[in-house]
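Chemist: One line per chain: the protein sequences are A and B, in this order. Using our numbering, read the first sequence as starting at 935 and increasing by one per residue. Using our numbering, read the second sequence as starting at 935 and increasing by one per residue.
The set of hints was computed from the structure by calculation and includes no laboratory data. Just so we're clear, the structure is a prediction, and the values are computed from it rather than from any experiment. Some hints could be false.
No copy labels: a pair is met if it fits in one copy or bridges any two.
Derived DSBU-like pairs (lysine-lysine); straight-line CA-CA distance at most 30 Å [to be verified]: (1) K1006 with K936; (2) K936 with K996; (3) K936 with K1074; (4) K1006 with K1074; (5) K1006 with K996; (6) K1074 with K1064.
Protein chains: 2
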Amino acid sequence: MKHTISVLVNNRPGVLARTAGLFARRGFNIDSLAVSTTQDPDVSRMTIVVEGPDAVLEQISKQLYKLMDVIKVLDHQDEAVVNRELALIKVDASPAVRGEIMQTVSIFRANIVDVSDRTFTIEVTGSADKVDALTGLLSKYGIREMMRTGRIVLSRGAPTA
Amino acid sequence: MKHTISVLVNNRPGVLARTAGLFARRGFNIDSLAVSTTQDPDVSRMTIVVEGPDAVLEQISKQLYKLMDVIKVLDHQDEAVVNRELALIKVDASPAVRGEIMQTVSIFRANIVDVSDRTFTIEVTGSADKVDALTGLLSKYGIREMMRTGRIVLSRGAPTA
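Only chain A is shown next, with the shape it has when bound in the complex (with noise of 0.2 Å):
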């Protein structure tokens, strides 16, 4: 099951490499991760998104409290979330198909943020679901290049803190 872990760390060198190191050690591969700044710039927020038996990431969970400079740790399993993540693709346009991928970027509601005379790079935000969906419609033009950021969350509604 994919589980999406948010990590609250003080901002100092070392603590990235410590949280990765901890998930070497088990064998998890990391699906996604997505480091970054919060309101409050001494502390840095990780998303991680994993797959792996609820019981093993429970336990890692754990672990990753007793790590110097960790500050929090949430599962987000059972929780309602906005999730998003953004991707950029560049993909084949030729003059022929151009129109065809302009519909399908405008249905998807993603925006072309760059053109040459053979490519197009495409913005888009949503889940992860959207962004596979819109790569697989995109994919029979042939991309180039890709990134994604990964997903971040937020929980819904007002906080209860």
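Starting from the structure of chain A, add chain B where the hints point.
Modeler: Okay, now just chain B, sitting in the frame of chain A:
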């Protein structure tokens, strides 16, 4: 100077920990990091934003190449790129300020993706500057929670390869 470095790696456990460890040993703090799959499921791409002297970061790029499972390292320093990040921002939104916040959101072409009695959750996509500007404007209402994906980049134009 801030550098944006892309690292293409084999999608295997441990490669993230090794890469993060390399930066940590040099005492570099990573500003943001995005790791996700590419169009090839066996290959992941990391986008690392890090600040430091040009010469030292050049050295680190060379050392990254020597790590197991690292395929390609690109410093986007002198290149024209499309750069984007995504943020989710949960902001206090009492009835008295809702109209005001909605205007700001609309000017930034951002979206309100969740609403509660007391809060809005806003999704925004753009350069780091744009995200900073919006969070700056929203901070007066009270930011409850915030998550950014970290920057991703694709080079402009058609691939040369």
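Chemist: It remains to establish, for every hint, whether it holds in the given structure.
Modeler: Okay, the hints, checked on the actual structure:
{"no.": "1", "hint": "K1006 with K936", "result": "both (20 Å within a copy, 28 Å between copies)"}
{"no.": "2", "hint": "K936 with K996", "result": "within (17 Å within a copy, 34 Å between copies)"}
{"no.": "3", "hint": "K936 with K1074", "result": "within (28 Å within a copy, 37 Å between copies)"}
{"no.": "4", "hint": "K1006 with K1074", "result": "between (43 Å within a copy, 26 Å between copies)"}
{"no.": "5", "hint": "K1006 with K996", "result": "within (10 Å within a copy, 35 Å between copies)"}
{"no.": "6", "hint": "K1074 with K1064", "result": "within (17 Å within a copy, 33 Å between copies)"}
Consistency with the previously given hints is maintained throughout, with no hint failing.
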